[in-house]
Amino acid sequence: AQSVAQPEDQVNVAEGNPLTVKCTYSVSGNPYLFWYVQYPNRGLQFLLKYITGDNLVKGSYGFEAEFNKSQTSFHLKKPSALVSDSALYFCAVRDGYGGSQGNLIFGKGTKLSVKP
Amino acid sequence: GAVVSQHPSWVICKSGTSVKIECRSLDFQATTMFWYRQFPKQSLMLMATSNEGSKATYEQGVEKDKFLINHASLTLSTLTVTSAHPEDSSFYICSAISDWDYEQYFGPGTRLTVT
Chain A
265 AQSVAQPEDQ VNVAEGNPLT VKCTYSVSGN PYLFWYVQYP NRGLQFLLKY ITGDNLVKGS
325 YGFEAEFNKS QTSFHLKKPS ALVSDSALYF CAVRDGYGGS QGNLIFGKGT KLSVKP
Chain B
3 GAVVSQHPSW VICKSGTSVK IECRSLDFQA TTMFWYRQFP KQSLMLMATS NEGSKATYEQ
63 GVEKDKFLIN HASLTLSTLT VTSAHPEDSS FYICSAISDW DYEQYFGPGT RLTVT
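Residue numbers (the numbering used here), protein chains in the order written: chain A, 265 to 380; chain B, 3 to 117.
Treat the hints with care, as some may be off.
Unchecked claim - Calculated cross-link-like contacts (lysine-lysine; reagent style DSS-like; alpha-carbon spacing at most 30 Å):
no., chain 1, residue 1, chain 2, residue 2
1, A, K375, A, K286
2, B, K68, B, K16
3, B, K43, A, K286
4, A, K372, B, K22
5, A, K313, B, K43
6, A, K322, B, K43
These are computed hints drawn from the structure, not numbers from a lab.
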């Protein structure tokens with residue numbers, strides 16, 4: 265069965281410091297991995313995805329994620345955090361591509377808090 | 003980019019009444035749409051998969067007679083919460099898979115409060 269784990273409920277970072285939000289996955293076959301961000305009372309906004317190719321994926325707002333097949337991880341990172349990055353972050357995996365196989369399996373989410 | 007809208011963005015209704023939530027893909031066609039429910043400080047829970055022109059596929063534990071889904075066109079899916087109760091209060095999010103890039107795009111969500 266496909267699953268995604270986000271081991272941290274909350275991550276606290278000082279503004280200007282690097283941040284990491286962890287994600288590990290379990291899928292059968294090749295993983296399609298995603299990161300989304302959600303601000304209060306808003307829908308999900310796409311940050312980045314890994315389908316194939318370079319293990320380091322760059323996305324929106326300066327975020328990047330590194331796909332590590334041996335550790336089955338896809339951690340989200342940013343070199344210098346901003347207060348405006350404070351939000352709820354979801355890691356997701358999709359096994360298959362397109363059509364009715366396109367549903368995403370979400371992790372439970374990690375709340376990122378960036379303090380000035 | 004591809005945009006998905008939801009209407010209304012928030013709604014308050016009385017217990018026992020029904021509420022309809024619309025999900026529209028504004029600049030693309032979507033054969034498949036999904037409906038999620040999100041409780042406070044929790045992840046998204048898939049409720050059902052909506053396919054244009056056919057019946058929705060509900061996840062285990064989701065009452066299909068209570069949460070009616072209609073995907074009447076390639077740009078519109080509706081979720082009707084029938085005989086709503088306070089425990090149905092939640093944040094409902096839809097998403098649509100674009101028929102041209104097969105990516106999933108999310109709506110902004112609808113906050114339902116049942117009093």
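Evaluated hints:
no.	hint	in the structure
1	A:K375 / A:K286	11 Å, holds
2	B:K68 / B:K16	16 Å, holds
3	B:K43 / A:K286	18 Å, holds
4	A:K372 / B:K22	27 Å, holds
5	A:K313 / B:K43	23 Å, holds
6	A:K322 / B:K43	27 Å, holds
Checked against the numbered hints above, the structure breaks none of them.
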